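Q: Construct all of the structure, not just a fragment, from the sequences and the given hints.
Numbering (numbering that gives the first Met the number 0), first residue to last: 0 to 118.
A hint or two may mislead.
[Unchecked claim] Listed next, with one range per pair, are the computed distances between beta-carbon atoms:
| # | residue 1 | residue 2 | range |
| --- | --- | --- | --- |
| 1 | Ala-70 | His-30 | 35 to 45 Å |
| 2 | Gln-22 | Gln-102 | 32 to 42 Å |
| 3 | Gly-28 | Arg-61 | 33 to 43 Å |
| 4 | Pro-8 | Leu-77 | 17 to 27 Å |
| 5 | Glu-9 | Leu-84 | 14 to 24 Å |
| 6 | Asp-91 | Asp-41 | 25 to 35 Å |
| 7 | Gln-95 | Gly-60 | 13 to 23 Å |
| 8 | Asp-25 | Gly-68 | 26 to 36 Å |
| 9 | Pro-15 | Leu-73 | 11 to 21 Å |
| 10 | Gln-95 | Pro-15 | 15 to 25 Å |
| 11 | Glu-9 | Gly-104 | 30 to 40 Å |
| 12 | Glu-14 | Thr-40 | 17 to 27 Å |
These are calculated hints, taken from the structure and not from any lab test. All values reported here derive from a predicted model rather than from experimental measurement. Ideal placement from N, C-alpha and C gives every residue a C-beta, glycine not left out.
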Amino acid sequence: MDIELLVVPECPNAEPATGRLRQALDDAGLHDLSFTTRVITDQARAESAGFIGSPTFLINGRDPFAEPGRAPGLTCRLYRTPAGLGGTPGADQLRQALTSAHQAGPPCGTGAGKESAET
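A: Here it is in structure tokens:
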């Protein structure tokens, strides 16, 4: 499974998103999977990645929390959670997205990512 966490520089939710993603992987029994953190620094990269706000979670290249009609951009993102709006998806929401993608199998030509930073 290819998992990426996309953030803008200085995102206040980057650290909580990293922790939530690692916990969701562990809770889903996917302890052996890692993820890549990619910093989106300009509008062109945001558009290329389909980045609609920080943090964005991509699982096998897909944003499971995307809202139709949202334009790519360098902005903070809010998620609809059972507890209301938040800077990250709810723990159960993220775990479910990971579990569903894992059960569906990997897309062609991809493998597990590495936890790293890219600028």
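Q: Work down the list of hints and note, for each, if the structure agrees.
A: Hints, one by one, checked against the model:
1. Ala-70 to His-30: 35 to 45 Å: 36 Å, holds
2. Gln-22 to Gln-102: 32 to 42 Å: 19 Å, violated
3. Gly-28 to Arg-61: 33 to 43 Å: 21 Å, violated
4. Pro-8 to Leu-77: 17 to 27 Å: Since the Cβ atoms of Pro-8 and Leu-77 sit about 19 Å apart, the hinted range of 17 to 27 Å holds.
5. Glu-9 to Leu-84: 14 to 24 Å: 21 Å, holds
6. Asp-91 to Asp-41: 25 to 35 Å: Check passed, 34 Å falls within 25 to 35 Å.
7. Gln-95 to Gly-60: 13 to 23 Å: Since the Cβ atoms of Gln-95 and Gly-60 sit about 18 Å apart, the hinted range of 13 to 23 Å holds.
8. Asp-25 to Gly-68: 26 to 36 Å: 34 Å, holds
9. Pro-15 to Leu-73: 11 to 21 Å: Between Pro-15 and Leu-73, where Cβ atoms are some 19 Å apart, the hint holds.
10. Gln-95 to Pro-15: 15 to 25 Å: 18 Å, holds
11. Glu-9 to Gly-104: 30 to 40 Å: 36 Å, holds
12. Glu-14 to Thr-40: 17 to 27 Å: This hint holds: roughly 18 Å between Cβ atoms.
When held up to the earlier numbered hints, the structure conflicts with 2 and 3 and fits the remainder.
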